[in-house]
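Colleague: Single-letter residue listing:
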Amino acid sequence: MFNSFIEFALPIFKTISILILIVAYLVWLERKVAAKMQSRVGPYSVGYPHGWLQPLADALKLMTKDDSIPKNSDSLLFNLGPVWIMVVSLASFALLPFYFNNPMLNVDLSFMLFIAISSLIIIGIFISGWSSNNKYALISVLRMTAQIISYEIPLVISLLIPCILIGSLSFGEIIRYQEDTWIIFYPLLGQLSFIIFFISALAEGNRIPFDLSEAESELISGYTTEYSGIKFALFYLAEYVHLFGICVLGSIIFFGGSNGPFFSSNILIVIKALLFFTLILFIRWSFFRIRIDQLLKFNWVKLIPLSFAGLLLACLLKYYMDFSSL
Amino acid sequence: MGDVNKSLKDIGTFMKLPGANLFITSTDQLFNWAKKSSLWPLSFGLACCAIEMMATFSSRYDLDRLGMITRASPRQADLMIVAGTVTVKMAERIKTLYDQMAGPKWVIAAGSCAISGDHYRHIYSVVPGVDWVIPVDVYVPGCPPTPEAFIDGILELQNIIGEGKTSPTFNSSPVPEEKTLSPLEVTKPPKKSKNVIESEFIDKTNLINHSMDLKSQGFTYLKFITATDFDTNIVLTYFLGNNVSNKEVEFNIKLDDDMKVSSLSNIYSGADWQEREIFDLFGIIFEGHPNLKRIMMPDEWIGHPLRKEYVMDSHYYPYRPTRKEYEKWKTEL
Ligand code: SF4
Chain A
1 MFNSFIEFAL PIFKTISILI LIVAYLVWLE RKVAAKMQSR VGPYSVGYPH
51 GWLQPLADAL KLMTKDDSIP KNSDSLLFNL GPVWIMVVSL ASFALLPFYF
101 NNPMLNVDLS FMLFIAISSL IIIGIFISGW SSNNKYALIS VLRMTAQIIS
151 YEIPLVISLL IPCILIGSLS FGEIIRYQED TWIIFYPLLG QLSFIIFFIS
201 ALAEGNRIPF DLSEAESELI SGYTTEYSGI KFALFYLAEY VHLFGICVLG
251 SIIFFGGSNG PFFSSNILIV IKALLFFTLI LFIRWSFFRI RIDQLLKFNW
301 VKLIPLSFAG LLLACLLKYY MDFSSL
Chain B
1001 MGDVNKSLKD IGTFMKLPGA NLFITSTDQL FNWAKKSSLW PLSFGLACCA
1051 IEMMATFSSR YDLDRLGMIT RASPRQADLM IVAGTVTVKM AERIKTLYDQ
1101 MAGPKWVIAA GSCAISGDHY RHIYSVVPGV DWVIPVDVYV PGCPPTPEAF
1151 IDGILELQNI IGEGKTSPTF NSSPVPEEKT LSPLEVTKPP KKSKNVIESE
1201 FIDKTNLINH SMDLKSQGFT YLKFITATDF DTNIVLTYFL GNNVSNKEVE
1251 FNIKLDDDMK VSSLSNIYSG ADWQEREIFD LFGIIFEGHP NLKRIMMPDE
1301 WIGHPLRKEY VMDSHYYPYR PTRKEYEKWK TEL
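Chains as they are written, first to last, in the numbering used here: chain A, 1 to 326; chain B, 1001 to 1333.
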């Protein structure tokens, strides 16, 4: 019995610890890249080469901070929020073939399941903003809900285009199909769906052209305004875990996952995801923030029709290709 | 109570184990290291010193090197840098923000104004030093302190935290006597002024018609309204601008003792706040104003500070809260 428990728990433990390590250093990477782009140095004096102990110091400090719960807030939901977000964003990693062997859960519809799980995050965000009893948190959460629900549509549809071309919804199939050419090199449809995916991934991950829910000059720090100490650390980590999940998804669906030009290994997924993350960082530190109505209008008027057009094109293409090959 | 005693006893037995002291000291050191290596300041600035603080955060001096990033929410901040002049109205907000910060928390008072009030310390609206309101750990002198001084202050604070002084205590220096804090004494009555403005004066009953006329002639922009206390009477000055022909007109009104004049805010909506300011500082009543309340001084202020007869130790007291009242804030707020 004990052995079976170990067998069950060990891969979870391995994945989570590797993930937390990667994510902690993503924060450090972000601070370094931001510093380089603003011709600063970034974290330097905490830990000898280039402040490499900074994530550790931040985490330890957040653990020792007071835990404040605002008066008249719904303390059950208030405490549930960060835990929910963290659990959901870690759970979605069970489906990704991201660690050195296969995914922990191998199902046929793994792509659909991944999307379904990761879209539960918004519930955690909503309850934490709602239960804070703070007007800024509430406004931020309303914006965030509108934004994430509407950007989920182009995100899913743009990811369906490669899936239709490949004819499968499982990550294993998708990776196997791309052994010769990656989807991003598929004429027209590959690039179109990648661009739509990229824009909606920025909005999903709440990054700068779309970071309305954390607009510091307007909303203090959005739905995390009332959180201190370790709960805030959970939010902070979960945001990066989620974003990293989206990066891994992009690297699997568009950049061939574990297939590389010289060798094939699952470590390539992580490397590609990191490169993708750096691209997102460059965008984050060089763009401005857009207004909420512009954000929604851009989505409903431009992105969604475009992604549906791409979907239609992919269906037609698939139909005639199958037809001619009969 | 029994539980507490039992757990104290447990700690006692734990401390008798070999190496327990070492363990506790080294975890303490670890957490102190973490606290001092990731000080997140509240993004918050008051006056000219704040500009220099921003310069310290940005490219050339870069406090991110020391692991400091600003947080906008007080719940997540560890450090409050009070950079600038603390006014009476702001002092309450500073106290609130300080209370909202989750502990352990530290305060740096930067600049002579935050330390002692500097050259403004005798002005009716300025608090002579932020340590009247909240406890301060490190004082950084200068007007404004240079970025190097800021960094020095932060390193000093890091030393203090590293030594394990985790919770700052209130500044326990003895409360100064009332007398030393009383404002400058005014011995002579102010001189009568003979200065009279020669430009156009209109009658105050004529104000509305006159400005309606001017507005129909194209003077659609109210540049400003101001008031001057000439000791014998108060003169209101209006400046209107014409954005097409680029001309401006000026006219004045002499006020009687009743200090009443009709409001222009229905004609020029820009007059709204300016009239409130003049009401606040001079006590002139604008009849027909939609919302004539104080705008700069706290609501419960007594007197109008820019009037000639406003002397700081007059019966228009309180010119500012006393040390005792600040001490009361510390305990009550
Ligand atoms: S100390 Fe000097 S620079 Fe700083 S707020 Fe006062 S007057 Fe301004």
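Keep in mind that the hints were calculated from the coordinates and are not lab data. Please note that a few of the clues may not be correct.
In the DSSO-like style, the derived pairs of lysine-lysine whose C-alpha atoms are separated by at most 30 Å in a straight line are [to be verified]:
(1) B/LYS1223 with B/LYS1247
(2) B/LYS1089 with B/LYS1215
(3) B/LYS1095 with A/LYS135
(4) A/LYS71 with B/LYS1215
(5) B/LYS1324 with B/LYS1293
(6) A/LYS71 with A/LYS14
(7) B/LYS1308 with B/LYS1293
(8) B/LYS1204 with B/LYS1260
(9) B/LYS1089 with A/LYS135
(10) B/LYS1089 with B/LYS1247
(11) B/LYS1204 with A/LYS135
(12) A/LYS71 with B/LYS1089
(13) B/LYS1254 with B/LYS1293
(14) B/LYS1247 with B/LYS1215
(15) B/LYS1016 with B/LYS1006
What follows is a list of derived Cβ distance ranges for each label pair [stated by the list, open to error]:
(16) B/THR1025 with A/ILE267: 46 to 54 Å
(17) A/ARG176 with B/GLY1019: 32 to 40 Å
(18) A/SER286 with B/PHE1201: 53 to 61 Å
(19) A/SER4 with B/GLU1156: 54 to 62 Å
(20) B/ASP1118 with A/ILE12: 55 to 63 Å
(21) B/LEU1306 with A/ARG291: 36 to 44 Å
Some chain A residues near chain B, calculated using beta-carbon distances under 10 Å [stated by the list, open to error]:
(22) ASN3
(23) GLU7
(24) TYR44
(25) SER45
(26) GLY47
(27) LEU53
(28) THR181
(29) LEU219
(30) PHE232
(31) ARG284
(32) SER286
The beta carbon of each residue, even a glycine, is placed where N, CA and C say it ideally should be.
Colleague: State for each hint whether it applies.
Modeller: The hints, checked one at a time:
A threshold of 30 Å between alpha carbons decides the hint, and for B/LYS1223 with B/LYS1247 the separation of about 11 Å falls inside it, so the pair holds. Between B/LYS1089 and B/LYS1215 the alpha-carbon distance is near 37 Å, which puts this suggested pair outside the 30 Å criterion. Restraint check for B/LYS1095 and A/LYS135: the C-alpha separation of about 21 Å stays at or below 30 Å, so the hint holds. Between A/LYS71 and B/LYS1215, the direct Cα distance comes to roughly 53 Å. Violation of the 30 Å bound is thereby established for this hinted pair.
Proximity of B/LYS1324 to B/LYS1293 is assessed by CA-CA distance (about 28 Å); at most 30 Å being required, the pair is judged to hold. A C-alpha spacing of about 39 Å is found between A/LYS71 and A/LYS14, which places the hinted pair above 30 Å, so the restraint is violated. Restraint check for B/LYS1308 and B/LYS1293: the C-alpha separation of about 21 Å stays at or below 30 Å, so the hint holds. About 9 Å separates the Cα atoms of B/LYS1204 and B/LYS1260, which keeps this hinted pair within 30 Å; it holds.
Restraint check for B/LYS1089 and A/LYS135: satisfied, since their Cα atoms lie roughly 23 Å apart, inside the 30 Å limit. The straight-line distance between the Cα atoms of B/LYS1089 and B/LYS1247 is roughly 39 Å, outside the 30 Å bound, and the hint therefore fails. For the hint linking B/LYS1204 to A/LYS135, the alpha-carbon distance of about 46 Å lies beyond 30 Å, and the restraint is violated. Of the pairs offered as hints, the one joining A/LYS71 and B/LYS1089 holds, with about 25 Å between alpha carbons and a cut-off of 30 Å not exceeded.
Pair hint B/LYS1254 plus B/LYS1293 holds up; C-alpha atoms about 23 Å apart against a cutoff of 30 Å. A C-alpha spacing of about 13 Å is found between B/LYS1247 and B/LYS1215, which places the hinted pair at or below 30 Å, so the restraint holds. Our distance criterion of 30 Å between C-alpha atoms is met by B/LYS1016 and B/LYS1006, whose separation comes to about 16 Å. Between B/THR1025 and A/ILE267 the CB atoms are about 41 Å apart, so this pair departs from the stated range of 46 to 54 Å.
Here the CB-CB span from A/ARG176 to B/GLY1019 is close to 56 Å, at odds with the stated 32 to 40 Å. Here the CB-CB span from A/SER286 to B/PHE1201 is close to 58 Å, well matched to the stated 53 to 61 Å. Taken as a hint, the range 54 to 62 Å holds for the pair A/SER4 and B/GLU1156, whose Cβ atoms sit roughly 57 Å apart. Separation of B/ASP1118 from A/ILE12 is about 60 Å and conforms to the stated range, judged on CB atoms against 55 to 63 Å.
Taking the beta carbon of each, B/LEU1306 and A/ARG291 are about 41 Å apart, inside 36 to 44 Å as hinted. With a cut of 10 Å, the hint placing A/ASN3 at the interface with chain B is violated, because the nearest CB-to-CB distance is about 33 Å. For the restraint placing A/GLU7 at the interface with chain B, the shortest Cβ-Cβ distance is roughly 34 Å, beyond the 10 Å limit, so the hint is violated. Nearest Cβ of chain B to the Cβ of A/TYR44: about 4 Å, under the 10 Å cut. The hint holds.
Because the closest C-beta pair between A/SER45 and chain B is about 6 Å apart, less than 10 Å, the hint holds. Of the supplied interface hints, the one on A/GLY47 holds, with its beta-carbon coming within about 8 Å of a beta-carbon of chain B, less than 10 Å. With its C-beta approaching chain B no nearer than about 7 Å, A/LEU53 sits inside the 10 Å limit, and its interface hint holds. Given hint, A/THR181 at the interface with chain B, is violated; its Cβ is 42 Å from that chain's nearest Cβ, farther than 10 Å.
About 9 Å separates the beta-carbon of A/LEU219 from the nearest beta-carbon of chain B, less than 10 Å, and the hint is met. Taken as an interface hint, A/PHE232 checks out: its beta carbon lies about 5 Å from the nearest beta carbon of chain B, inside 10 Å. Against a cut-off of 10 Å between C-beta atoms, the interface hint on A/ARG284 is violated, since the closest Cβ of chain B lies about 15 Å away. Taking 10 Å as the C-beta contact cut-off toward chain B, the hint placing A/SER286 at the interface is violated, the least distance being around 15 Å.
Checked against the numbered hints listed earlier, the structure breaks hints 2, 4, 6, 10, 11, 16, 17, 22, 23, 28, 31, 32; every other hint is satisfied.
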